[in-house]
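Engineer: Note that this note's numbering numbers the sequence shown so that position 27 is 27, with each residue one more than the last.
These are calculated hints, taken from the structure and not from any lab test.
One thing to keep in mind: the hints can contain errors.
No more than 27 Å apart at the CA atoms, straight line, and that leaves these computed lysine-lysine pairs for DSS-like [claimed, not checked]: (1) Lys44 / Lys68; (2) Lys105 / Lys46; (3) Lys44 / Lys105; (4) Lys112 / Lys68; (5) Lys105 / Lys10; (6) Lys44 / Lys112; (7) Lys125 / Lys46; (8) Lys46 / Lys68; (9) Lys68 / Lys28; (10) Lys28 / Lys10; (11) Lys44 / Lys113; (12) Lys46 / Lys113; (13) Lys68 / Lys113.
Okay, the calculated beta carbon distance ranges per label pair [to be verified]: (14) Asp32 / Phe118: 22 to 32 Å; (15) Phe61 / Leu116: 13 to 23 Å; (16) Pro99 / Ala56: 32 to 42 Å; (17) Glu8 / Lys113: 30 to 40 Å; (18) Leu129 / Pro22: 41 to 51 Å; (19) Phe86 / His34: 21 to 31 Å; (20) Thr53 / Gly26: 41 to 51 Å; (21) Leu116 / Trp58: 15 to 25 Å; (22) Lys112 / Leu23: 27 to 37 Å; (23) Ser124 / Phe86: 31 to 41 Å; (24) Leu129 / Leu21: 43 to 53 Å; (25) Ala15 / Tyr114: 16 to 26 Å.
Positions of the beta carbon are idealized from the N, C-alpha and C atoms, including for glycine.
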Amino acid sequence: MRDEFLWEGKRPRVARETMCLPLDNGGKQILDLHSRNEAIDLWKLKGFLRQGTDRANWPFFVDQIIIKRWEMGETLSKHGKLYNIFRQNIHIPAWRIDPVPRDIKRMIAAAKKYNLQFTGLSISKDIKLQMPIWKHLAFSETRFYDIRRKPALRCL
Numbered sequence: 001m002r003d004e005f006l007w008e009g010k011r012p013r014v015a016r017e018t019m020c021l022p023l024d025n026g027g028k029q030i031l032d033l034h035s036r037n038e039a040i041d042l043w044k045l046k047g048f049l050r051q052g053t054d055r056a057n058w059p060f061f062v063d064q065i066i067i068k069r070w071e072m073g074e075t076l077s078k079h080g081k082l083y084n085i086f087r088q089n090i091h092i093p094a095w096r097i098d099p100v101p102r103d104i105k106r107m108i109a110a111a112k113k114y115n116l117q118f119t120g121l122s123i124s125k126d127i128k129l130q131m132p133i134w135k136h137l138a139f140s141e142t143r144f145y146d147i148r149r150k151p152a153l154r155c156l
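Please work from the sequences and hints to get the whole structure.
Structural biologist: Spelled out as structure tokens, the structure:
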């Protein structure tokens with residue numbers, strides 16, 4: 001739509017990236033809507049990931065929407081063991097994201113695009129104790145199954 005307006009329905013003669021450059025660099029200083037929308041999604045994601053007393057109310061609702069749509073009858077959601085997809089080791093298949101509202105879907109896509117991970121140089125004991133045990137971030141399915149096959153564990 002923007003290209004149709006700029007070029008009056010004709011074929012663009014200048015690349016979109018060039019048009020977004022500042023006037024000093026030969027561009028027309030056109031707003032890059034894709035980058036702007038992505039920045040908004042990342043800003044929402046930052047607010048969603050905030051923890052503690054300064055966390056807004058809307059992330060709690062988003063957590064519940066994602067959990068209801070994602071698990072849909074799995075035992076973990078029935079027992080309240082899922083509560084934040086970014087603080088737990090949860091992979092959301094694309095077909096499970098479909099019924100989620102568009103804004104939440106875009107926020108999850110931005111997190112996947114930039115490979116959002118829970119990391120820290122020095123995590124305090126208090127924070128470690130707040131981490132959920134179910135679907136823990138440090139849990140590795142392959143490592144679990146490798147350990148389970150050890151002969152020593154058969155005795156236990």
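Engineer: Next step is simple, just say for each hint if it's right about the structure.
Structural biologist: Structure-based check of all given hints:
1. Lys44 / Lys68: holds (20 Å)
2. Lys105 / Lys46: Judged against 27 Å, a Cα distance of about 15 Å means the pair holds.
3. Lys44 / Lys105: holds (12 Å)
4. Lys112 / Lys68: holds (20 Å)
5. Lys105 / Lys10: violated (34 Å)
6. Lys44 / Lys112: Holds: Lys44 and Lys112 sit about 14 Å apart, inside 27 Å.
7. Lys125 / Lys46: holds (23 Å)
8. Lys46 / Lys68: It holds: about 22 Å lies between the C-alpha atoms, which stays within 27 Å.
9. Lys68 / Lys28: violated (46 Å)
10. Lys28 / Lys10: holds (18 Å)
11. Lys44 / Lys113: Status holds; Cα separation ~15 Å.
12. Lys46 / Lys113: holds (14 Å)
13. Lys68 / Lys113: Holds: Lys68 and Lys113 sit about 23 Å apart, inside 27 Å.
14. Asp32 / Phe118: 22 to 32 Å: Cβ of Asp32 to Cβ of Phe118: about 30 Å, so the range 22 to 32 Å holds.
15. Phe61 / Leu116: 13 to 23 Å: Holds, since Phe61 and Leu116 (Cβ atoms, about 20 Å apart) stay within the stated range.
16. Pro99 / Ala56: 32 to 42 Å: The hinted range 32 to 42 Å is violated for Pro99 and Ala56, with Cβ atoms some 24 Å apart.
17. Glu8 / Lys113: 30 to 40 Å: Since the Cβ atoms of Glu8 and Lys113 sit about 33 Å apart, the hinted range of 30 to 40 Å holds.
18. Leu129 / Pro22: 41 to 51 Å: Holds, since Leu129 and Pro22 (Cβ atoms, about 49 Å apart) stay within the stated range.
19. Phe86 / His34: 21 to 31 Å: holds (24 Å)
20. Thr53 / Gly26: 41 to 51 Å: holds (49 Å)
21. Leu116 / Trp58: 15 to 25 Å: With a Cβ separation near 18 Å, Leu116 and Trp58 satisfy 15 to 25 Å, so the hint holds.
22. Lys112 / Leu23: 27 to 37 Å: At roughly 35 Å between Cβ atoms, Leu23 and Lys112 fall inside 27 to 37 Å, so the hint holds.
23. Ser124 / Phe86: 31 to 41 Å: violated (19 Å)
24. Leu129 / Leu21: 43 to 53 Å: holds (50 Å)
25. Ala15 / Tyr114: 16 to 26 Å: 25 Å Cβ-Cβ, so the 16 to 26 Å window holds.
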